[in-house]
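Student: Got chain A; can you put chain B on it based on the hints?
Protein chains: 2
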Amino acid sequence: MSLEPGQTIGILGGGQLGRMLAIAAGRLGLKVLIFDPDANSPAAQLANKHMQASYDDEEALARFADECDIVTYEFENVPLDTARFVEDRSPLRPGSTALEKSQDRLEEKTFIRSLDIGTAPFRAICGLKDLIAAAKAMDGPSILKTRRLGYDGKGQARVDAGATDNAFEKAWLAIDEKPAILEGFVPFSKEISVIAARSTDGRVVAFDPAENRHKDGILRTSVVPSVIETATATAAKEVTARILENLEYVGVIGVEFFVLEDGSVLVNEFAPRVHNSGHWTEAACQVSQFEQHIRAIAGWPLATPIRHSDCEMFNLIGSEVDDWPAILEADDTVLHLYGKAETRSGRKMGHFTRLNPRQS
Amino acid sequence: MSLEPGQTIGILGGGQLGRMLAIAAGRLGLKVLIFDPDANSPAAQLANKHMQASYDDEEALARFADECDIVTYEFENVPLDTARFVEDRSPLRPGSTALEKSQDRLEEKTFIRSLDIGTAPFRAICGLKDLIAAAKAMDGPSILKTRRLGYDGKGQARVDAGATDNAFEKAWLAIDEKPAILEGFVPFSKEISVIAARSTDGRVVAFDPAENRHKDGILRTSVVPSVIETATATAAKEVTARILENLEYVGVIGVEFFVLEDGSVLVNEFAPRVHNSGHWTEAACQVSQFEQHIRAIAGWPLATPIRHSDCEMFNLIGSEVDDWPAILEADDTVLHLYGKAETRSGRKMGHFTRLNPRQS
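Here the protein sequences come in this chain order: A and B. So the mapping is simple: my numbering equals the position in the first sequence, first residue as 1, plus 17. So the mapping is simple: my numbering equals the position in the second sequence, first residue as 1, plus 17.
A few of these clues could be false.
One copy or two, either will do: identical chains are not told apart, so a pair holds if it fits within one copy or between any two.
Claimed, not checked - Here are the simulated DMTMM-like cross-link-like pairs (lysine to aspartate or glutamate), alpha carbons at most 25 angstroms apart as the crow flies:
1) 66 x 55
2) 254 x 346
3) 254 x 348
4) 254 x 349
5) 66 x 86
6) 195 x 75
7) 171 x 246
8) 195 x 76
9) 66 x 84
10) 66 x 359
11) 171 x 121
12) 66 x 98
Source of the hints: derived by calculation from the structure; they are not laboratory data.
Pulled out of the complex, with its shape left as it was, chain A reads as follows (with noise of 0.2 angstroms):
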């Protein structure tokens, strides 16, 4: 089904992401009903209408579910649950398959390996003693995380394949004991992420790779282009493609790439939503990650990205944000922020983005 203007997008999810969305599906002229339990949600504030209730309220949910006419979501937490809940009654778009590999990296990851896609290489981890087992196999140091709930950089803990006994049951009370991967380190000479979009009628269209800069596991930086080989654009673009098209995906995904020193790519991981490393998009565009999201999941046709200017994304985090005077003064420089009442470290607040006059 397509959507009219007039009608309602629901938003399972209340963040900056879904603040955006709903910006920019207000400007298409469609109505946004945020679902969100937390009364002071970034994204509730620029929408039609705010259902605060839990993940868990079905009988709120089944609400929501009547009042939209396509639901959609801005974060990969969701409970499956919620989603299949309200999936039994609106159309879900991305569905819950895409929410359920997502939430799980041993699913993701054995996924994407099952369409032929390379990745870090990587064992499931049960107790400790998967762990020194798996960590002494590995060549070289290796990374343990959960296998679920996980984000910027949270649930996670370094191991070496050479470590003591007491190094590696740190690591894993680090992660709380939990079910877990281990994933081998992969030498990359940059990250790269593609931010794409798939129609309901199968068309996928690509925002040029961005290049990645992280810091204790959070975005710091994203720049456009990313200074890499047409072939590996061309090899990032087509893997994303191939998810999309496995998972008959509807909306924007980001998929995050290692880029080797040979140029080839593996697959980190994707979300399931507009992406952080995709927010350029909308200073450097005429369509943006947001508005692309909108045209998917309604049925609209997407549009092929016209990038009208170079460009680098800087995520304002935690304190960060108390910048802002300084970053206005800029007029190369567009600045975004999130409505967030309070200020807390690794929050993220706001992010900018300065434009160049483009060179490619």
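Tutor: Just chain B now, with coordinates in the frame of chain A:
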């Protein structure tokens, strides 16, 4: 005073201009409270809060002024008493003086002339006798316009110097015998407008002039850049700055000009708000007129506009909005719909901007 992110801007009026201002304010982390009697206000759909009350409800206005840190207005027909009532309680930007002058065509033109700025010839009209005498004294055809509450070609009638008394009476009845002015017809070669902002510290920044085409008194398209001599653009910007300074204005203004064959300019009128002929800025510049207005009234630095594309903006009037699917198909085109529930003849339902590679 200057705002901090998280503070609240109040907007008197809740149409599409308020809607676009609300989006811009939200992107800068500011809260928005819309004051509008209409339950279906397009702006309130995308604002933090809607105070639905009549413009003469002083109890509601007092609460509104209390809740807002700064107040602005999005249409020039906000009752002057309303604006003054609020201005006594909260900073109003721009102030009520700009509103007062723009609400009355006679005051507006008299003010502009007092700054040594050219306008079409005009006469105050209080009755049919005035009209006949003034029309016969004009050098050619002229246009009868009500002094107050005219917009988009409403409250206007054309008269000819050599018309019959019957024709004069018909024109007079056509504007409901209201206090009016008679404007001599100006043989202009084109119409342009300048969208400019003035900050709390008196800095004036203008966007590139747009070339406008009207039909039946309603703006149809704005093209940027306009094909005018540099001296014409400079003169139009200089006149705009003079108006802003003399009004001690804070915020964005739209000034419409006639360009004569010799390249000189006459002011047609100004609107003390963001302006339809500036909608292209959201698609073709790093800063939109809406963000510029928010920056100005928040006491924040203005951005010097950087235009990355040439462009043409088209209004979608009445049922033209039904063309939205075809417009969405064009990659070089940015669509904006206003979320109005009912399509009415002559009603502005949305607009789109076609982007072209920059030529100049």
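Student: All hints, please: hold or fail.
Tutor: Hints, verified against the model:
no., hint, result
1, 66 x 55, "both (13 angstroms within a copy, 17 angstroms between copies)"
2, 254 x 346, "between (36 angstroms within a copy, 22 angstroms between copies)"
3, 254 x 348, "between (33 angstroms within a copy, 20 angstroms between copies)"
4, 254 x 349, "between (29 angstroms within a copy, 22 angstroms between copies)"
5, 66 x 86, "both (14 angstroms within a copy, 24 angstroms between copies)"
6, 195 x 75, "neither (28 angstroms within a copy, 60 angstroms between copies)"
7, 171 x 246, "neither (32 angstroms within a copy, 59 angstroms between copies)"
8, 195 x 76, "neither (32 angstroms within a copy, 58 angstroms between copies)"
9, 66 x 84, "both (11 angstroms within a copy, 21 angstroms between copies)"
10, 66 x 359, "both (22 angstroms within a copy, 20 angstroms between copies)"
11, 171 x 121, "within (14 angstroms within a copy, 62 angstroms between copies)"
12, 66 x 98, "within (23 angstroms within a copy, 32 angstroms between copies)"
This entry does not satisfy hints 6, 7, 8, going by the numbered hints stated previously.
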